[in-house]
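Peer 1: In case you want the letters, here they are:
Number of protein chains: 4
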Amino acid sequence: MISVGIVGGTGYTGVELLRILLRHPDVTVTTLTSRTEAGKPIANLFPSLRGQTELTFSDLDIEELKQCDVVFFATPHGVAMKHAEALVAANTKVIDLAADFRIQNLDVFEKWYGLKHTCPELLQQSVYGLSELRREQIKHASVVGNPGCYPTTVQLGLAPLLQQAGLIVPERILIDAKSGVSGAGRKAELSLVYSENADNFKAYGVAGHRHHPEIVEALGVIAADTTASFDNIIFVPHLVPMIRGMLSTIYVDLTDKGAALDIQALYEMFYADEYFVDVMPQGSVPDTRSVRGSNMLRMSLTKIQPNKLVIVVVQDNLVKGAAGQAVQNMNIMCGLSENLGLTGIALLP
Amino acid sequence: MISVGIVGGTGYTGVELLRILLRHPDVTVTTLTSRTEAGKPIANLFPSLRGQTELTFSDLDIEELKQCDVVFFATPHGVAMKHAEALVAANTKVIDLAADFRIQNLDVFEKWYGLKHTCPELLQQSVYGLSELRREQIKHASVVGNPGCYPTTVQLGLAPLLQQAGLIVPERILIDAKSGVSGAGRKAELSLVYSENADNFKAYGVAGHRHHPEIVEALGVIAADTTASFDNIIFVPHLVPMIRGMLSTIYVDLTDKGAALDIQALYEMFYADEYFVDVMPQGSVPDTRSVRGSNMLRMSLTKIQPNKLVIVVVQDNLVKGAAGQAVQNMNIMCGLSENLGLTGIALLP
Amino acid sequence: MISVGIVGGTGYTGVELLRILLRHPDVTVTTLTSRTEAGKPIANLFPSLRGQTELTFSDLDIEELKQCDVVFFATPHGVAMKHAEALVAANTKVIDLAADFRIQNLDVFEKWYGLKHTCPELLQQSVYGLSELRREQIKHASVVGNPGCYPTTVQLGLAPLLQQAGLIVPERILIDAKSGVSGAGRKAELSLVYSENADNFKAYGVAGHRHHPEIVEALGVIAADTTASFDNIIFVPHLVPMIRGMLSTIYVDLTDKGAALDIQALYEMFYADEYFVDVMPQGSVPDTRSVRGSNMLRMSLTKIQPNKLVIVVVQDNLVKGAAGQAVQNMNIMCGLSENLGLTGIALLP
Amino acid sequence: MISVGIVGGTGYTGVELLRILLRHPDVTVTTLTSRTEAGKPIANLFPSLRGQTELTFSDLDIEELKQCDVVFFATPHGVAMKHAEALVAANTKVIDLAADFRIQNLDVFEKWYGLKHTCPELLQQSVYGLSELRREQIKHASVVGNPGCYPTTVQLGLAPLLQQAGLIVPERILIDAKSGVSGAGRKAELSLVYSENADNFKAYGVAGHRHHPEIVEALGVIAADTTASFDNIIFVPHLVPMIRGMLSTIYVDLTDKGAALDIQALYEMFYADEYFVDVMPQGSVPDTRSVRGSNMLRMSLTKIQPNKLVIVVVQDNLVKGAAGQAVQNMNIMCGLSENLGLTGIALLP
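Protein chains in written order, with numbering that gives the first Met the number 0: chain A, 0 to 348; chain B, 0 to 348; chain C, 0 to 348; chain D, 0 to 348.
Some hints could be false.
It does not matter which identical chain is meant; a pair holds if it fits inside one copy or across any two.
[Unchecked claim] Simulated pairs of lysine-lysine, BS3-like, Cα-Cα distance not exceeding 27 angstroms:
#, residue 1, residue 2
1, 186, 307
2, 110, 302
3, 110, 307
4, 256, 81
5, 65, 256
6, 307, 138
7, 138, 39
8, 110, 186
9, 65, 110
10, 256, 138
11, 115, 307
12, 256, 115
13, 39, 186
14, 39, 110
15, 65, 307
16, 81, 65
17, 81, 186
18, 138, 186
19, 256, 110
No lab work stands behind these hints, which were simulated from the structure alone.
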C-alpha cells in the first residue's frame, strides 16, 4: 500500500482527491492537513465523505508528511515550493496541484503569480505532469507539477499536430475556452456567489490569464519544430453556469502539408493506446457531461475550410483537469497501472 | 415628483428598488448611500444600470435624507431604527425592508435578531406593510416595516380563511416553504457560493427561523378569532437552486364549517379587486417563473381530503417579497395609484 | 459471473444501471434491448459510455433473456408483467424498476396506472424491493418490484418509528417531497424542456400522485400496529431545477410515548449496520448533493415541538431511488455482498 | 393606437412580443393566431400573462390580419412569405422574426433553409431589420426581416470597424458564439430536455450553421470596402446552460492602419447616440445578465496584441436578438420614438 498525505484538504481539489483516493485499491491516505480546520473530521466539511473515512484535519507537520510515500499539495500557489525539498530529501514524492512546478521560466512565473520561487533547482528537476505526453519523465520524477486545467485540454488537443513539424501555423492558434465555476475554487468571494453566476455567462481574463504562459511554454516543449514560437497564440477563457466541466474550442490554421493529411486518422492513431483520451468519430462533438466526474478527456476534429480545423476538447476540470490527472501521475510515479482507481464512468445525466 | 432616498444600495433589494424606481413615473431617486462604496457610481457595481442613472453612492448623511419625501432602508437589521426618528421628525416617510419594524413584541424581536430595539415608541406607531391586508393603516403611516418574504406568502395565502372565525384549526397550520438563493442576500459567504448551491437542494432553519415569530404575530392580527393561537404552527424553509422565486406550500386542517364552504369562491371574492393577487383556477397550480421579476403573487387551492386543504403560493422574493411591495407601500403612503411603476409582466421563459 | 440483461436501456434508469453494472466485479451485461434503437451501440446514445462497452441495442428476444441470470426491466409500466412469468419459469430472476410489482392491491394498481395486471399470481409471490426493510424476502425472491423513488425516502425515513406500535399518529404523517427533473425520465415532452424548468420551482400532482398508494400500502406492511391506517397521510411532490436529487421533508406527530423516546438514538441503533443509510448527527440536515451519484440515503431528525418531529431524507433519485437499489437487490438475490459495485462516493461539488 | 397582429404566439418569441407589446403605450394587440391552440386564451399557456390580457388564439385569418397596421410573424421559417404579399397589398406592415426576409441570395436561402422562396420580388423590396444600421430603409419598409440573434451581435460588434475600409482583415474574422437554451425555441425535443442541458456545455453546428451565410451577406452590406469578402469568416456557436442570454467573442486582425486607431474612441463615437448599444469602459467586459430581459446590447473592446482585438458582445437573445428588436423596428416603421415600450431595465440578479 502507498501511504499518501494531502496538504490542504478544504478546497475542491482536496475533496476530489479524497473521493478518488479513498477508493484506490493500493492507497491509504494517512495525513490530511488544513491551517484553518485542524482537529475537525473532514466529513464535517464534506458530508459526501460521511462514513467513508475517519480522517481528521491536522496542522501541517513536515515530519509526519515525510512518512508518506506521496504527498499531494492541494494548496494555494506558493505552498508546495516551501516544503518540497524537505520531502524529496526524505524520499517522499511530491505532486503539486498548484502552479509552483508548472513553469520553468522563473521570470514568467514571478510575473504571473507574484511569487519568488524558493527552490529553482528543484523546479528544474521537477517534471510537468501532463501524463500522456511526459509519461517517461514522470516515471522517474520526485516532484511533479500537475498541469493547469485549461493547458491540459490545449496540449492534448494539439499534440498530434505538433509532433510533426510544418502541419500548422503555430502563431495562429486561437483557444476560446469555457469552464464551470468550480474551477475558481472554494472561496468566500462575492464574484463566486450563486446569484452572480447562475443564468449568466461571461468572459474573464481577456487581457491576460495565467494559463497563457503555461500553454506557451508547454507547447514549445511538445513541438517537433523547435523554432516554432507560440508567444502569440490567443487564449480567452469564459465562465459557464455549471459546477464542473471544461470545453476548449481550438482554432487551427493548417499548412498545405497539414491540410493534405487525414487529421482524424492522425489523432486516432496518436491516442490509440490512451485509456483516458477519446477521439470522437467524425461528425460528432463532445459535451462536458460526457466526462462529468470521470478522468476522461474527449475531443473532436472538424475541418470547416480546407485549411481551417476546429478542435473541441472536453474534460472535467476537477478530474482530468486536476485531481484525476494528479492520481494518474501518482500511478505512473509508483509503477502502478495508470488507470488504477480512475475507471469510474461519467455521471450522465 | 416624490423625492426618494435609498439607504444601502449595494444589496439585491437595493438594486431591485432602483430597477423599479428608475422607471416609476412619479419618483426621482435623489440619494443613494453605502458605507463601503461611497463615491462610486452604482452602475459600476450593477452593469444593468449603465446608462439608466448617474447616481453615485454617498455616505449616509441624515440631513440629506431629511430632504427626501420617502427613504427606503435596504440595509441589515438594526440600521433603520437608528435613523427613523430623525426622519419622521422631518416629515420624511420611512420604509424599512429589514426587520426593525416588523415585530411588535420586543422580547421576540430581541431574541431572534439579537438587537435591542432603540425606538420602541416609534415601533408602536409604525405599520406592518402587508399592503393588501393593512392598506388603511399604511395610508397614514410615517414608518412602515416591510414584511419578510416568507410571511408575505403565508399571510396572503391564509387571510381569506382567517377573516372568519372557525373555518380552520389555527394550531395545525403547516408551511413548507422554498426560496431561491437571492433571498440570502449579496454576501461573500462560502455557503452562498455557486458550486455549493447549484444542482443541490436543502432544508435550513428547521429548528427555528426568524420568520416564524413574524408569521405568528401577523396571523394573530389577521385572525377574526382573537383567541386563536398560532404559536404552534410549523414553518420549515428550504433553499432552491434558482436565483429568484419563492413557493410556500401551506397545509390547512379545515373545520367542518370550513369544509362546507366553497373555498375557491371565498378566495376569488376576497381578492377580486386586488391587482397583485391572482387566485389560479381550480385544478392548476402556480410556478415561480410565472411571477419572475413581477410584483404578482399567485396562489392555488386544492382540497385533497374533505378537511384538508393545500394552498400553494408563489411570488418573486425580491419583488412582492421585498422591493416591489415596498414600492407598493410607498404608492399607498403617497396617495398614488397602488400599481404605479409596478405593472411589469413576468419574464417567462 | 452473473449474466445480466437489461430491457429498455434508453432511459435514465437504463444508462444508470449500466454505469453501475459495467463496473460491478461479478457482473457481465450480456443483453440490452430497445424497441426504437435496435442495432445501435449504446455509446452512440450516451457518450459517457464510449470506450466502456461494446453493447449494442437489440430487439427484445425472450429466449436470449432466458439465458441471463438476472433481467432488469428499465421500461415503462406494464412491460415487465408481460415477460416475467416466462423468465421465472426459466429460472431467471426479474427486477422491475417500473411499478408492475410494487402494489399488491390490484384495484389500486389499475386505478393509478390504468393497466390490468396480467400476472396477479406472480405479483403475489413477488417481493417489494426496499432492500433494508425486506432483505430476507428479497433473498429468496424470483421477482422483485423495485420501489418508487419517493416511497424509498418515506419508508426509510419512518421505519424506526413504525416498527414499534404507538409512537406516532399514523394518519397525521405529512410528506412534502422534492425531486430533480431526471425523475420524470428521458422523454421529448414540452413540460420537460430546459427553458420550462430552469430557474423555476413548482408543485405537481397535488390532487394525487401514484406514489401515494404505494406509500400507504408499504407503510402498512412496516407498521407494528397492524390496525394503523395510513390512507389519510398527505403527500405532495415538487419539482426542483436540478438534474438529480430528492429530498423529502416528513412531518410527524409523536404520541406522548413517542415524545418520551430518544429519537436520535432510536434511529442510529435501527440503522447501525446499514451501509447505505446515514443518520446525520443532531443539529445537522442533509443536502442532496451529499449523495449525488451514490447509493447513500441520508436523514436527519429535528424535534421542533415536544410532539412534532421533522425528518429530512435525501437520496439520488436515480441511484438509491432507482438503479442503485435495483443492483443492491440483485446483490441480495444472488447472495453477493450487498454493497458490491455500489461503494462509489458522491460527486461533490 | 397601432393595431398589431401576431401570427404564431405559442413560441418564446411570441410570448416575449406580448410581454413587450401589452405594455407598449401606443399599441393594441388585436389578433393572435395559432394552428394548434385556436380557441384557448393565451394566459392558459403562459401563466405570466394571467390578468394582463383577454387575448385568445384564433386560426390564421388573412382578412382579419389585413385590418392590422402591423403583423409580426413569430412562426417557423416559411410561413411569413406565404402571407406577406397579401398583407402588404392591404397596407399592413410585416415584420418576420423567422428567416424568410433575412437573406437576399435565393440560392443561399434555399440551401440553408430547404425552402423555395415564394415571393422573391417582395424579398428584394424588404429591408433587413438591423435597427441601428439600416434605420433609414426600415422607416420606409413594408416588410422587415428581423435579423437572427447571432448576426445581431456580430454586426453591431463589427460595424464601426467596417464602415471605414482597410482597418481589419475581413477574411480573418472569427466568432466564437454562445447562447442560452431558449434560442432553440419552445419544442418537445429530446435534445432540449432539462436533464440533457443543465450542468452541461457543448458546441453545435461546428460544420456549418444557418447564421453564417446571414452574417456573411450582412457584413458585406455594412463594409465600406465593397471588395471585401467575408466568405471565410469562422462562426462556431455553443449552447450554455442558461435560459436567456447570448455572448459572442469576436476575434479581429487589425491592419496597421486599424492598429493605429483609438478603437475605444471609435466605438464610443459610433454608438454615441444609440439608446440600445452600450460600449463598456476599457478594462471591463459585459456579462449576459446585465441585459437579461432588456433590449440593451453591450460590448467591450480589448486589444490583446498590437494587431489583435477581442470584441465581446452580449444581448438577451429573446429581446434585442428577437422580439425586442422587432418592436424597435415597428417603432421605426411607424414613426414612433424608437425606444417606446422598450426601456425596461435588465433583471439582475
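Peer 1: Look at each hint and say if it fits the structure.
Peer 2: Okay, the hints, checked on the actual structure:
1. 186 / 307: Cα proximity of residue 186 and residue 307: none, with 40 angstroms in one copy and 34 angstroms across.
2. 110 / 302: Answer is between; shortest inter-copy Cα gap is 20 angstroms, intra-copy 37 angstroms.
3. 110 / 307: Between copies, since 22 angstroms is at most 27 angstroms while 34 angstroms is not.
4. 256 / 81: neither (47 angstroms within a copy, 50 angstroms between copies)
5. 65 / 256: For residue 65 and residue 256, neither the intra-copy (52 angstroms) nor the inter-copy (56 angstroms) Cα distance is at most 27 angstroms.
6. 307 / 138: neither (37 angstroms within a copy, 41 angstroms between copies)
7. 138 / 39: neither (35 angstroms within a copy, 40 angstroms between copies)
8. 110 / 186: within (23 angstroms within a copy, 31 angstroms between copies)
9. 65 / 110: neither (32 angstroms within a copy, 51 angstroms between copies)
10. 256 / 138: neither (35 angstroms within a copy, 52 angstroms between copies)
11. 115 / 307: neither (41 angstroms within a copy, 31 angstroms between copies)
12. 256 / 115: So residue 256 and residue 115 fail the 27 angstroms test inside a copy (43 angstroms) and across (40 angstroms) alike.
13. 39 / 186: Result: close both inside a copy and across copies, 19 angstroms intra and 25 angstroms inter.
14. 39 / 110: neither (37 angstroms within a copy, 30 angstroms between copies)
15. 65 / 307: So residue 65 and residue 307 fail the 27 angstroms test inside a copy (51 angstroms) and across (49 angstroms) alike.
16. 81 / 65: within (14 angstroms within a copy, 58 angstroms between copies)
17. 81 / 186: Within one copy, since 23 angstroms is at most 27 angstroms while 33 angstroms is not.
18. 138 / 186: Neither: 34 angstroms inside a chain and 46 angstroms across chains, both beyond 27 angstroms.
19. 256 / 110: neither (37 angstroms within a copy, 31 angstroms between copies)
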